[in-house]
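> Okay, here's what each chain looks like letter by letter:
2 protein chains.
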Amino acid sequence: MRRYFPILDWGRRYGRETLANDLVAAVIVTIMLIPQSLAYAMLAGLPAEVGLYASIAPLLVYAVLGTSRTLAVGPVSVASLMTAAAVGGLATQGTPEYLGAAIALAFLSGLMLLVMGFLRLGFFSAFLSHPVTSGFMTAVGLLIAAGQFKHVLGVPAPGHTLPEILAGLWANLGQANLPTLAIGLAATAFLAWSRKGLKGALVARGLKPRSAALLARTAPVAAVAATILVTWALGLDSRGVAIVGEVPRGLPVPTLPPFDPGLWAAIAVPALLISIVGYVETVSVAQTLAAKRRQRIDPDQELVALGGANLGSALSGGFPVTGGFARSVVNFDAGAETPAAGAFTAVGMALATLYLTPLLYFLPTATLAATIIVAVLSLVDLGALRRTWAFSRPDAAAMATTILVTLAAGVEAGIVAGVALSVFLHLYRTSRPHVAIVGQVPGTEHFRNVDRHAVVTVPEVVTIRIDESLYFPNARFLEDTVQHQVGANPALRHVVLMCPAVNDVDASALESLEAINQRLRDAGVLLHLSEVKGPVMDRLKRSHFLHDLTGEVFLTQFDAMRALAPELTCRTLAAGRRDLARNGGPG
Amino acid sequence: MRRYFPILDWGRRYGRETLANDLVAAVIVTIMLIPQSLAYAMLAGLPAEVGLYASIAPLLVYAVLGTSRTLAVGPVSVASLMTAAAVGGLATQGTPEYLGAAIALAFLSGLMLLVMGFLRLGFFSAFLSHPVTSGFMTAVGLLIAAGQFKHVLGVPAPGHTLPEILAGLWANLGQANLPTLAIGLAATAFLAWSRKGLKGALVARGLKPRSAALLARTAPVAAVAATILVTWALGLDSRGVAIVGEVPRGLPVPTLPPFDPGLWAAIAVPALLISIVGYVETVSVAQTLAAKRRQRIDPDQELVALGGANLGSALSGGFPVTGGFARSVVNFDAGAETPAAGAFTAVGMALATLYLTPLLYFLPTATLAATIIVAVLSLVDLGALRRTWAFSRPDAAAMATTILVTLAAGVEAGIVAGVALSVFLHLYRTSRPHVAIVGQVPGTEHFRNVDRHAVVTVPEVVTIRIDESLYFPNARFLEDTVQHQVGANPALRHVVLMCPAVNDVDASALESLEAINQRLRDAGVLLHLSEVKGPVMDRLKRSHFLHDLTGEVFLTQFDAMRALAPELTCRTLAAGRRDLARNGGPG
Numbered sequence: 016m017r018r019y020f021p022i023l024d025w026g027r028r029y030g031r032e033t034l035a036n037d038l039v040a041a042v043i044v045t046i047m048l049i050p051q052s053l054a055y056a057m058l059a060g061l062p063a064e065v066g067l068y069a070s071i072a073p074l075l076v077y078a079v080l081g082t083s084r085t086l087a088v089g090p091v092s093v094a095s096l097m098t099a100a101a102v103g104g105l106a107t108q109g110t111p112e113y114l115g116a117a118i119a120l121a122f123l124s125g126l127m128l129l130v131m132g133f134l135r136l137g138f139f140s141a142f143l144s145h146p147v148t149s150g151f152m153t154a155v156g157l158l159i160a161a162g163q164f165k166h167v168l169g170v171p172a173p174g175h176t177l178p179e180i181l182a183g184l185w186a187n188l189g190q191a192n193l194p195t196l197a198i199g200l201a202a203t204a205f206l207a208w209s210r211k212g213l214k215g216a217l218v219a220r221g222l223k224p225r226s227a228a229l230l231a232r233t234a235p236v237a238a239v240a241a242t243i244l245v246t247w248a249l250g251l252d253s254r255g256v257a258i259v260g261e262v263p264r265g266l267p268v269p270t271l272p273p274f275d276p277g278l279w280a281a282i283a284v285p286a287l288l289i290s291i292v293g294y295v296e297t298v299s300v301a302q303t304l305a306a307k308r309r310q311r312i313d314p315d316q317e318l319v320a321l322g323g324a325n326l327g328s329a330l331s332g333g334f335p336v337t338g339g340f341a342r343s344v345v346n347f348d349a350g351a352e353t354p355a356a357g358a359f360t361a362v363g364m365a366l367a368t369l370y371l372t373p374l375l376y377f378l379p380t381a382t383l384a385a386t387i388i389v390a391v392l393s394l395v396d397l398g399a400l401r402r403t404w405a406f407s408r409p410d411a412a413a414m415a416t417t418i419l420v421t422l423a424a425g426v427e428a429g430i431v432a433g434v435a436l437s438v439f440l441h442l443y444r445t446s447r448p449h450v451a452i453v454g455q456v457p458g459t460e461h462f463r464n465v466d467r468h469a470v471v472t473v474p475e476v477v478t479i480r481i482d483e484s485l486y487f488p489n490a491r492f493l494e495d496t497v498q499h500q501v502g503a504n505p506a507l508r509h510v511v512l513m514c515p516a517v518n519d520v521d522a523s524a525l526e527s528l529e530a531i532n533q534r535l536r537d538a539g540v541l542l543h544l545s546e547v548k549g550p551v552m553d554r555l556k557r558s559h560f561l562h563d564l565t566g567e568v569f570l571t572q573f574d575a576m577r578a579l580a581p582e583l584t585c586r587t588l589a590a591g592r593r594d595l596a597r598n599g600g601p602g
Numbered sequence: 016m017r018r019y020f021p022i023l024d025w026g027r028r029y030g031r032e033t034l035a036n037d038l039v040a041a042v043i044v045t046i047m048l049i050p051q052s053l054a055y056a057m058l059a060g061l062p063a064e065v066g067l068y069a070s071i072a073p074l075l076v077y078a079v080l081g082t083s084r085t086l087a088v089g090p091v092s093v094a095s096l097m098t099a100a101a102v103g104g105l106a107t108q109g110t111p112e113y114l115g116a117a118i119a120l121a122f123l124s125g126l127m128l129l130v131m132g133f134l135r136l137g138f139f140s141a142f143l144s145h146p147v148t149s150g151f152m153t154a155v156g157l158l159i160a161a162g163q164f165k166h167v168l169g170v171p172a173p174g175h176t177l178p179e180i181l182a183g184l185w186a187n188l189g190q191a192n193l194p195t196l197a198i199g200l201a202a203t204a205f206l207a208w209s210r211k212g213l214k215g216a217l218v219a220r221g222l223k224p225r226s227a228a229l230l231a232r233t234a235p236v237a238a239v240a241a242t243i244l245v246t247w248a249l250g251l252d253s254r255g256v257a258i259v260g261e262v263p264r265g266l267p268v269p270t271l272p273p274f275d276p277g278l279w280a281a282i283a284v285p286a287l288l289i290s291i292v293g294y295v296e297t298v299s300v301a302q303t304l305a306a307k308r309r310q311r312i313d314p315d316q317e318l319v320a321l322g323g324a325n326l327g328s329a330l331s332g333g334f335p336v337t338g339g340f341a342r343s344v345v346n347f348d349a350g351a352e353t354p355a356a357g358a359f360t361a362v363g364m365a366l367a368t369l370y371l372t373p374l375l376y377f378l379p380t381a382t383l384a385a386t387i388i389v390a391v392l393s394l395v396d397l398g399a400l401r402r403t404w405a406f407s408r409p410d411a412a413a414m415a416t417t418i419l420v421t422l423a424a425g426v427e428a429g430i431v432a433g434v435a436l437s438v439f440l441h442l443y444r445t446s447r448p449h450v451a452i453v454g455q456v457p458g459t460e461h462f463r464n465v466d467r468h469a470v471v472t473v474p475e476v477v478t479i480r481i482d483e484s485l486y487f488p489n490a491r492f493l494e495d496t497v498q499h500q501v502g503a504n505p506a507l508r509h510v511v512l513m514c515p516a517v518n519d520v521d522a523s524a525l526e527s528l529e530a531i532n533q534r535l536r537d538a539g540v541l542l543h544l545s546e547v548k549g550p551v552m553d554r555l556k557r558s559h560f561l562h563d564l565t566g567e568v569f570l571t572q573f574d575a576m577r578a579l580a581p582e583l584t585c586r587t588l589a590a591g592r593r594d595l596a597r598n599g600g601p602g
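So the protein lines, in turn, are chains A and B. Just so you know, the first sequence maps onto residues 16 to 602 in the working numbering. Just so you know, the second sequence maps onto residues 16 to 602 in the working numbering.
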């Protein structure tokens with residue numbers, strides 16, 4: 016019971032001091048969340064109030080089910096863009112069908128996460144390698160920023176890929192609305208500066224660094240308030256500046272997603288991708304914050320909590336939510352101690368929905384676009400491509416592919432291409448494992464690569480060390496390697512496979528070992544193994560291989576050489592001892 | 016040059032004795048190949064002469080390009096069934112479009128193999144794990160045998176899946192043609208017996224075992240001759256027995272495949288699957304036979320040779336070919352020494368095409384079906400499922416899935432499902448690697464799993480040994496594992512990751528290591544590594560990780576403990592020495 020409801024754990028020790036801390040954090044997060052909710056609803060192509068709804072029920076559900084003390088869930092940029100991409104192809108923006116599809120997406124994504132949580136299938140997220148995730152975030156940041164530019168210019172520029180968006184912007188550049196552009200650029204400049212300079216300016220005016228940092232995070236609210244005032248005072252809405260307009264007041268009402276099999280089939284893949292991407296982000300943020308206070312999160316329960324939050328969002332007319340990075344950091348820095356802070360934030364958002372919406376009438380969409388652009392540009396990390404290239408070419412290739420395909424063909428194609436390429440390159444890499452022919456280091460019981468060290472060997476025995484688990488992608492490589500050695504050494508009588516790095520042997524590799532054993536027997540050569548790990552030995556014992564093996568299994572490679580080439584080991588050991596005697600020990 | 020034309024190598028040492036041996040082998044293989052060629056053409060749904068054509072040019076091309084001395088290429092059962100499945104959906108059997116599609120399939124498959132050979136992409140075949148290949152062969156054997164039963168009964172039973180075929184047989188059972196059934200059952204019984212008992216019977220009559228074995232292989236020719244005679248003598252063709260009929264005489268003429276982009280797109284996937292399945296079979300047979308004589312084959316060149324053979328087949332009006340197992344064994348046993356034996360077989364087949372086809376007029380298709388049924392039942396190995404289950408459950412699951420999907424949904428779906436499941440299960444397995452918390456074996460420098468051995472530890476240091484390469488599927492697992500240890504041990508000051516089994520670290524794992532390092536630092540815990548392999552260390556040096564690492568990299572785990580818990584190593588070593596002194600050494 017406690018596993019599925021962590022609130023039963025922290026709830027019973029809840030005290031007055033914790034309450035005070037949680038309340039302070041909740042107030043700060045609420046102030047930050049209001050413009051974000053509106054902006055991400057706009058990014059998803061949904062009415063502004065849907066963003067507010069998605070910031071109420073999901074927070075309450077997460078407070079009950081979540082294992083992170085400080086994670087703040089709600090609408091985030093990546094999931095919002097993925098929602099727009101998934102729903103945009105199915106219905107026209109502004110129609111009830113569009114909203115229904117977004118709600119169904121949250122519902123299905125919630126169901127999938129719940130099922131993965133109950134079945135402990137968090138493993139699925141492992142397919143999303145870091146280069147793919149990082150490349151995807153960079154591409155999404157660029158896509159979102161480009162896509163929001165139409166609101167700054169006040170022109171239409173539809174599309175879900177970079178070429179489409181840029182073509183639209185270029186074609187309509189001449190019709191840009193100047194007051195919109197002025198507001199948009201001013202807000203973008205202010206918000207960009209607030210990220211770097213505002214904290215310092217506030218500290219210079221006497222604020223404590225921590226308060227200054229938190230206050231700087233509320234810069235979007237200042238931008239919202241200022242641009243609302245300017246738009247209202249100058250009547251800019253009548254001069255072409257797009258505004259948020261009438262936002263319905265009142266709490267969300269219980270909603271059911273449309274149960275249309277065709278729709279569900281169409282959103283199944285996007286829902287799965289949103290679930291996995293959202294989960295990866297959520298767990299990564301939650302784990303980072305938990306570590307700072309030596310707390311633990313339960314990754315499987317986080318699936319349940321995030322699933323519950325998305326179901327909560329769908330059933331209250333909202334769209335897909337995940338744990339937000341910036342928001343959670345603010346919550347943490349503001350002193351949140353338990354998930355109750357999230358519940359209090361939900362109350363704050365509910366109050367905003369009830370009483371604040373009339374104030375948002377004159378809010379220019381250009382301000383929201385500026386909020387989004389500044390927020391998402393922090394996702395863009397092209398330097399990661401360079402760093403990854405230095406570390407691993409295949410990983411860099413997977414990252415570059417994810418970025419290019421996401422930009423050129425959209426978010427779903429980007430993720431799928433990245434995952435497919437990472438899996439393929441991983442299999443390719445392990446299909447040609449590092450293999451060394453080893454010989455004895457004179458005077459020791461050590462065996463090293465003949466190409467790198469001055470070691471001794473005998474022509475009758477070849478020892479092949481395989482530095483990889485033996486499984487299907489490299490099974491044939493193993494056969495080829497042994498075959499090559501047999502063909503190249505006419506004096507060969509013994510082949511020793513040295514297996515200290517073999518962590519696993521699958522059925523394909525077993526078959527290859529059996530084929531090698533048989534082919535060597537046909538060629539008059541015995542096959543031996545050395546330094547086989549316990550679990551691998553246990554597994555081999557469940558087959559006929561050890562029974563059919565022409566040679567022996569040696570505990571150590573030295574044992575193998577002592578048995579197969581006694582004259583060599585004696586000679587080199589003796590030589591080694593003479594060296595030792597002359598030089599006074601191995602040092 | 017010699018790499019791509021092995022004939023330049025063996026051709027210059029060709030002598031009279033080799034010629035004699037090759038000629039004998041060629042005669043025997045030709046006799047065996049005539050009924051097989053006709054039967055596999057029938058299995059592919061093609062006219063009988065196409066089978067003969069596919070047994071001429073491909074053998075000549077392989078003789079020039081192949082690296083195996085004894086491999087016999089030509090039409091085989093699996094590729095024939097895959098051809099029927101691929102082409103059956105595109106055109107009606109018996110039409111020029113059907114033949115054209117089969118020719119295009121051979122052409123495209125040949126091109127693909129050539130490209131893979133030039134780019135050294137033999138790696139692709141590694142995706143076909145042994146359980147998938149084995150399960151696929153079993154399913155194909157059952158599918159083919161069931162599908163040929165219609166010829167034994169003399170009723171129609173179309174379809175490419177087991178349910179379709181069985182439904183067709185069941186519905187038409189009442190219309191079975193009795194003379195056909197008599198011929199079919201007699202031929203099947205004789206051929207089945209010839210596989211087990213004929214060799215013994217011939218030896219009992221005074222033949223040498225080797226000659227008896229070779230003669231037993233020509234049993235299908237005896238069955239063909241006998242049933243032709245019976246059909247002709249009794250006029251069975253007028254009593255409903257289907258016969259081969261008129262086979263055009265004459266050599267194949269140069270043909271070009273139809274260049275229709277729609278057709279090529281439709282056969283691209285089948286062509287790739289036929290190429291890979293055929294290649295895997297070819298290399299496996301070639302390697303097994305080469306090993307018996309300590310010869311070598313070049314797997315990359317085999318791609319080129321098989322590609323050339325398929326292009327040769329297509330350009331002479333044939334269908335996809337591969338290296339055949341039974342045929343190659345006969346060739347080997349009959350004493351073939353060089354690929355010239357294949358070229359002589361091609362000459363034999365050309366003579367058969369020129370002069371033998373009138374004799375085949377009265378050949379009942381039931382006899383050909385019997386040949387196929389008896390041949391393919393040797394592919395069926397359901398015991399492999401049990402053996403694989405004992406060895407590895409995931410591999411058995413992949414095998415069972417391949418069998419079931421192939422039987423129920425056809426050959427292409429079967430292979431794709433099997434490959435996808437093997438890759439998935441492999442990633443799943445490595446995503447939860449074996450991880451051990453280790454402690455020091457008292458009195459030694461060895462460190463072992465705390466759960467299995469009586470070892471000593473200190474509460475300030477936890478050492479985690481990971482028995483797997485660190486890469487994206489297990490990167491998060493590593494984070495979770497470390498996080499769990501930190502949460503569970505309040506006194507913790509040092510985490511040591513012991514890496515003797517880590518063969519590789521990819522960018523995802525690097526990111527996780529960096530996250531772990533940072534989270535541990537936030538929690539006041541230092542991260543250390545021990546026993547890192549050279550290549551892994553080289554790679555880590557190309558990142559910032561070693562620079563940011565809060566702790567140290569120790570050469571051995573003993574060094575790590577001596578530095579981090581000196582009191583422990585001293586105490587246990589001292590205790591160990593006392594034990595040694597008392598007990599007289601470690602034995």
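These are computed hints drawn from the structure, not numbers from a lab. No experiment lies behind these values; they were computed from the predicted model shown. Positions of the beta carbon are idealized from the N, C-alpha and C atoms, including for glycine. Don't take each hint at face value.
Stated by the list, open to error - Dumping the calculated DSS-like pairs for lysine-lysine here, alpha-carbon to alpha-carbon at most 30 Å:
no. : chain 1 : residue 1 : chain 2 : residue 2
1   : A       : 223       : A       : 307
2   : B       : 211       : A       : 548
3   : A       : 211       : A       : 307
4   : B       : 556       : A       : 556
5   : B       : 223       : B       : 211
6   : B       : 211       : A       : 307
7   : B       : 223       : B       : 307
8   : B       : 211       : B       : 307
9   : A       : 548       : B       : 223
10  : A       : 211       : A       : 223
11  : A       : 556       : B       : 548
Claimed, not checked - Beyond 10 Å from chain B on every Cβ pair, some chain A residues (computed):
no. : residue
12  : 105
13  : 201
14  : 257
15  : 262
16  : 276
17  : 437
18  : 438
19  : 469
20  : 490
21  : 533
> Would you mind marking each hint as holding or not holding in the structure?
Evaluation of the provided hints:
For a cut-off of 30 Å, the pair hint linking residue 223 of chain A to residue 307 of chain A stands: about 21 Å separates their Cα positions. A C-alpha spacing of about 42 Å is found between residue 211 of chain B and residue 548 of chain A, which places the hinted pair above 30 Å, so the restraint is violated. Of the pairs offered as hints, the one joining residue 211 of chain A and residue 307 of chain A holds, with about 24 Å between alpha carbons and a cut-off of 30 Å not exceeded. Simply put, residue 556 of chain B and residue 556 of chain A have alpha-carbon atoms about 40 Å apart, too far for the 30 Å limit, and the pair is violated.
As the CA atoms of residue 223 of chain B and residue 211 of chain B are separated by approximately 16 Å, the hinted pair is consistent with the 30 Å bound. Distance hint between residue 211 of chain B and residue 307 of chain A is unfulfilled; the C-alpha atoms sit about 73 Å from each other, more than 30 Å. A distance of roughly 21 Å separates the Cα atoms of residue 223 of chain B and residue 307 of chain B; the hinted pair therefore holds under the 30 Å criterion. At roughly 24 Å between alpha-carbon atoms, residue 211 of chain B and residue 307 of chain B fall within 30 Å of each other, so this suggested pair holds.
Of the pairs offered as hints, the one joining residue 548 of chain A and residue 223 of chain B is violated, with about 48 Å between alpha carbons and a cut-off of 30 Å exceeded. Proposed proximity of residue 211 of chain A and residue 223 of chain A is supported: the alpha carbons are some 16 Å apart, at most 30 Å. For the suggested pair residue 556 of chain A and residue 548 of chain B, the alpha carbons sit about 29 Å apart, so the restraint of at most 30 Å is met. With a least CB separation of 27 Å from chain B, residue 105 of chain A remains clear of the 10 Å interface cut-off, as annotated.
Every C-beta of chain B lies more than 10 Å from that of residue 201 of chain A, the closest at about 37 Å, which supports listing it as non-interface. Residue-level check passed: residue 257 of chain A sits 40 Å from the nearest beta carbon of chain B, beyond 10 Å. For residue 262 of chain A, the non-interface assignment is confirmed: its Cβ lies about 40 Å from the closest Cβ of chain B, beyond the 10 Å cut-off. Annotated as non-interface, residue 276 of chain A keeps its C-beta farther than 10 Å from every C-beta of chain B; the closest such distance is 22 Å.
Consistency note on residue 437 of chain A: stated as away from chain B, yet its beta-carbon is not over 10 Å from all of that chain's, at 6 Å minimum. Listed as a non-interface residue, residue 438 of chain A fails to keep its Cβ farther than 10 Å from every Cβ of chain B; the least gap is roughly 6 Å. For residue 469 of chain A, the condition that its CB be more than 10 Å from all CB atoms of chain B holds, with the nearest at approximately 17 Å. Listed as outside the interface, residue 490 of chain A is inconsistent with that label: its C-beta sits roughly 7 Å from the nearest C-beta of chain B, within the 10 Å cut-off.
Interface exclusion of residue 533 of chain A from chain B breaks down, the closest Cβ pair being 8 Å apart, not more than 10 Å.
Of the hints listed earlier, those the structure fails to meet are numbers 2, 4, 6, 9, 17, 18, 20 and 21, in rising order.
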